[in-house]
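Number of protein chains: 4
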Amino acid sequence: MGDKMIKVGVLGATGMVGQRFIQLLDKHPDFEIAALTASSKSAGKRYEDATTWYLDDSMPESVKNIIVSDTKPDDVSNDVEFLFSSLPTETAAIVEPKFAESYYVASNASAMRAEKDVPLVIPEVNPEFLDLIDIQQKNRGWDGFIVTNPNCSTIALTLTLKPIYDNFKINKIYVSTMQAVSGAGYNGVPSMAIVDNLVPYIGDEEEKIESETLHLLGTLNGIDVKEANFKLSASCHRVGIVDGHTEAVFIEFDETIDVDEIKNKMSSFKSIPQELNLYSAPKNPVIVKEEDNRPQPRMDRNANNGMSVTVGRVRKDPIFENNIKYVLVGHNTIRGAAGASILNAELISKKIL
Amino acid sequence: MGDKMIKVGVLGATGMVGQRFIQLLDKHPDFEIAALTASSKSAGKRYEDATTWYLDDSMPESVKNIIVSDTKPDDVSNDVEFLFSSLPTETAAIVEPKFAESYYVASNASAMRAEKDVPLVIPEVNPEFLDLIDIQQKNRGWDGFIVTNPNCSTIALTLTLKPIYDNFKINKIYVSTMQAVSGAGYNGVPSMAIVDNLVPYIGDEEEKIESETLHLLGTLNGIDVKEANFKLSASCHRVGIVDGHTEAVFIEFDETIDVDEIKNKMSSFKSIPQELNLYSAPKNPVIVKEEDNRPQPRMDRNANNGMSVTVGRVRKDPIFENNIKYVLVGHNTIRGAAGASILNAELISKKIL
Amino acid sequence: MGDKMIKVGVLGATGMVGQRFIQLLDKHPDFEIAALTASSKSAGKRYEDATTWYLDDSMPESVKNIIVSDTKPDDVSNDVEFLFSSLPTETAAIVEPKFAESYYVASNASAMRAEKDVPLVIPEVNPEFLDLIDIQQKNRGWDGFIVTNPNCSTIALTLTLKPIYDNFKINKIYVSTMQAVSGAGYNGVPSMAIVDNLVPYIGDEEEKIESETLHLLGTLNGIDVKEANFKLSASCHRVGIVDGHTEAVFIEFDETIDVDEIKNKMSSFKSIPQELNLYSAPKNPVIVKEEDNRPQPRMDRNANNGMSVTVGRVRKDPIFENNIKYVLVGHNTIRGAAGASILNAELISKKIL
Amino acid sequence: MGDKMIKVGVLGATGMVGQRFIQLLDKHPDFEIAALTASSKSAGKRYEDATTWYLDDSMPESVKNIIVSDTKPDDVSNDVEFLFSSLPTETAAIVEPKFAESYYVASNASAMRAEKDVPLVIPEVNPEFLDLIDIQQKNRGWDGFIVTNPNCSTIALTLTLKPIYDNFKINKIYVSTMQAVSGAGYNGVPSMAIVDNLVPYIGDEEEKIESETLHLLGTLNGIDVKEANFKLSASCHRVGIVDGHTEAVFIEFDETIDVDEIKNKMSSFKSIPQELNLYSAPKNPVIVKEEDNRPQPRMDRNANNGMSVTVGRVRKDPIFENNIKYVLVGHNTIRGAAGASILNAELISKKIL
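Residue numbers (the working numbering), protein chains in the order written: chain A, 3 to 355; chain B, 3 to 355; chain C, 3 to 355; chain D, 3 to 355.
Careful, some of the hints might be misleading.
When chains are identical, the list treats them as one kind, so a pair holds in a single copy or across two.
Simulated pairs of lysine to aspartate or glutamate, EDC-like, Cα-Cα distance not exceeding 20 Å [stated by the list, open to error]:
#	residue 1	residue 2
1	Lys210	Glu323
2	Lys74	Glu130
3	Lys272	Asp77
4	Lys285	Asp59
5	Lys43	Glu63
6	Lys6	Asp133
7	Lys66	Glu293
8	Lys233	Glu323
9	Lys233	Glu257
10	Lys318	Asp136
11	Lys233	Glu254
12	Lys100	Glu257
13	Lys285	Asp58
14	Lys233	Asp262
15	Lys233	Asp256
16	Lys285	Glu63
17	Lys174	Glu254
18	Lys174	Glu292
19	Lys318	Asp145
Hints listed in this document are in silico derivations from the structure and should not be mistaken for laboratory results.
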């Protein structure tokens, strides 16, 4: 690709993840926001007029005057290449395939993740799954394509597991999450439910973590993915924190593991996005802290602009000889959502287009 | 014992657990507060003048004018029988044995829990461990004795495990906690550490849960305890909740278990305190909720005056055939501290004295 | 009235204030819940099945099997006397007058407060306004009637002003509130809006405080109310607290005032409900604290079962010679809503019926 | 001054405001951190080893290896020019004058604010008070000097009052604050005091606001300050928010005021720091929001890197004809502390040295 800016759009641009897309794209050196879509009741309005801005930083000046269009392929200009999707699942299921006929869709929605020819990708973990794009285009006769990123909790967990899985024989994993309220959308969690309280249930979350993790660490053979050969069970809980998911991880190995080696593998982990020096790629996808009271969501969620996962308390389990335990924090709406889709698009731009 | 009120005292009466003792003892039908001790700088003052009251209900009128005494056996009246201890560990290690020469000490401190002849007891779980009192008195030549209750997280967990352990073959347990700030004492957790944040570390907590649980579910042979024959690993985290510890529990069994049977065993669980109709004994030590978003600490911590543990999401693990998962909430300063010591004293009064 | 229980109902029984009504009525010695209404989609269901229970204490057993009826006069049994209304404003405007044709309606809704012949009453402040009931019944040809209580912030404020207003010449008042999230209903305030944040706006709240306070402290002449002859300006803010509104009050008097006299008048304040010994009447409507860091919502909201208002920091203004300042806390869904309506009904039962 | 970097130091560098100084100075184009002092127990250690870092962004690399020195003039290198002080009051009272014998001290401590020859300055409000430096140096025979900035709440309030005071005749002000926990230092507010709660008292805060505001808006005659000729009364409250103080302001004028004019004066307000284009000076010291639910601390505290104050709900008081009301949010540890001292130093460097 030359050094011309790539025109991009955001599908579902007024919601919370849509706003993260805009925030992250605003100063992007290669991408330029040229389209913002929302539901028909916002269409035709200036973005500033159509949107209640939820993020701590102000709405970027560059998008205030963009006229929001309806979320329909015909309403989006042809010179847009990538569309970042933060559509609700049901809408995404219907609309994303229509866009994919002519646009490249990098989606944070879960609707299409289960389609065999739609790559579910974390650039540092399974970039080779992007080979499915060819198959997808042939299968479906599309000029565009859809690529998806996993669930927010899965992304953070899998980034920390990748350097372990590549080097040691994992047997079982148990993970217990403490997830931020932003993960449910702006109106998702009433304050009455979370002040001086927590909610020990997040719909479909455990299932996503349990399946997506094994898929991402699996191997692609043609169109088929052979899942990673360990098993994982999750328990998911919502806590009164704005941003940043925390996960307590217990791993059983087949044999005794040296904890320092694990830490070295995690902190030295680099992959294709780091080699290609992609704009949104953090220098270290995984940061290992030695302080015993870290990671903490407010302190660590913004590491490397929210694109690194921070790990701490990596320790040998004193009870189970072949086990280790650790805790991780990842930014759920950056590394776990908008940033994930953007990094996918950056990788595709550099490697495939 | 006749129906005369038993005179009791609280060691460390000005702290948060000390205040819970007072709150729970205030209307007690069998116990009457006759002594309150604190550090020497409070000694000689009226309790009301010596104390910043931290609990939501007001300080009971009955204690306001009690003159606080120094935490020394000679400063406490001889007609006091039971002393409830919420002393800091280091103080407890020195002072409790001195008191035990002539008083009955029911302690929430951890200092003496590891002594082989000091019973560590949850009345519903291992009341027979109180047989150690005889041995303790002989060993040490004491007229009094010390009985202890476990750590707050351990109590809630073990109450839910007891009906399972008695009926099914547990292999392994993983538990991840989300603990309230009151567990660290009034000044234990700065607000800067917990607003929009959590802290994934609580000193010594994991070790206590991992060892005490197996001890409590073990069997007493003379002075020796044979620990329960499964293993347990914990990860402990502090969250911004006033009262009520939440724990996510993963249990591996040796064979496939019927979840409804587990729920039945838990919800129908009754033990000695229920049979003896002890004043502080909850009708059901374990309450099982069917709503998928329960238990929640603010909603469930006060069940049966804070003496029941509430369990929810008891479910077959979809990944591991022989596993179940559930979540529990228990009130950490009532069932997990002051109420635990008081229930111990009630059992001793009824059974032993 | 004899000692037969009075049958009562709750209009809008599944919402948060509806639940408070049920909680407060459950053990009531004179009132017995005989009807619960909700929207038509809940009608016909058992109350337990129709309701997500939001309060910390469990749903009372006594109401679980009551069949919810539609909020229509014909659907409520004739032997019900009092109906407590926690209906949304728009519904209340239409439905309450229909019920009032044959039932006594004690309403927490604001819909009818502005009607000249509908008494707006705090029993300790302006019980004589109940004389309007006669006028109302004649005016409208109703067998029943509607009596209303003010807005939650107004009630707490006015209870503290009454003993001042009766004894000293108030010139101006400024009040700045910090209000709990429960005041907006269960889904009213998203957690994203309030974690590590506050919202400096509550729709219509300032207007209600500014007008209702003067009305309540006014004098009734026939059907006309002559408002109290001072003025009051409010600024209202939402903070991340579950229950309990806090208000900072600045009062300008015409002359210099002795602060101790003010405190005495407030703490010794008693009125008709105390004289009549009404069941829900707190012994002291206003509690004065001397500690400089009180009142606090979590510590003081439940004073006298949530029916007292707690005042602290009553101090001479060091800047304005004729001013005092203080801070108050009142329970917004008990004294400020459900408890207010119930106390109105108790007064009516005792004095009028 | 040439374009050489000015060497600066931070007195009390390990505390929370000390850390803010470091964070703000790290990328500063004119200042270069050359000395960090702390108590003697930290002296001699690397800064990274001496410090528990509290801020959300990581500790800057540039300071990690600086050896902390004791807070004594002899222990700080002579080529340091400015010293930023975040010392505790009692220490500051003793130590700052010693440093001022040879260093320029820009202090956030309150110890010296009351000295008649020590300027208390907000660069946008009363830059001319820096003339006191000459008098101070002569009076005391110092080569260096001390300049101070006001209390955090005062700074935010006074910045919004300056454009009003300069254009309209203010009669009285009432202000009610909702202040973040960071204002009390890392350990200042226990989580038990603030979760689901607030504390209606902050020691000495009301007095500081009431006096400093009038001083800052006053006029300097030689060494004497003639205070602004209105009066102000404050009520201060602590809420569970990490950073960002919110203040509700009621202003009485001598005559009716046009609200739009007030808003224009505030939003167009610029002063010396803007004219001189000082590095830390925000383009607009005061930002006026039109949305009725703003300003909010989490959303607005970081406006212009935390150096602007955001105002909203500027409205005519519907009750008092000559009054306006508004709400403001300012970042208490940036604009209200470290950033204030740095802006003072920038102004001095440009204007005086």
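Hint check, failures only: 2, 3, 5, 6, 10, 12, 14, 18 and 19
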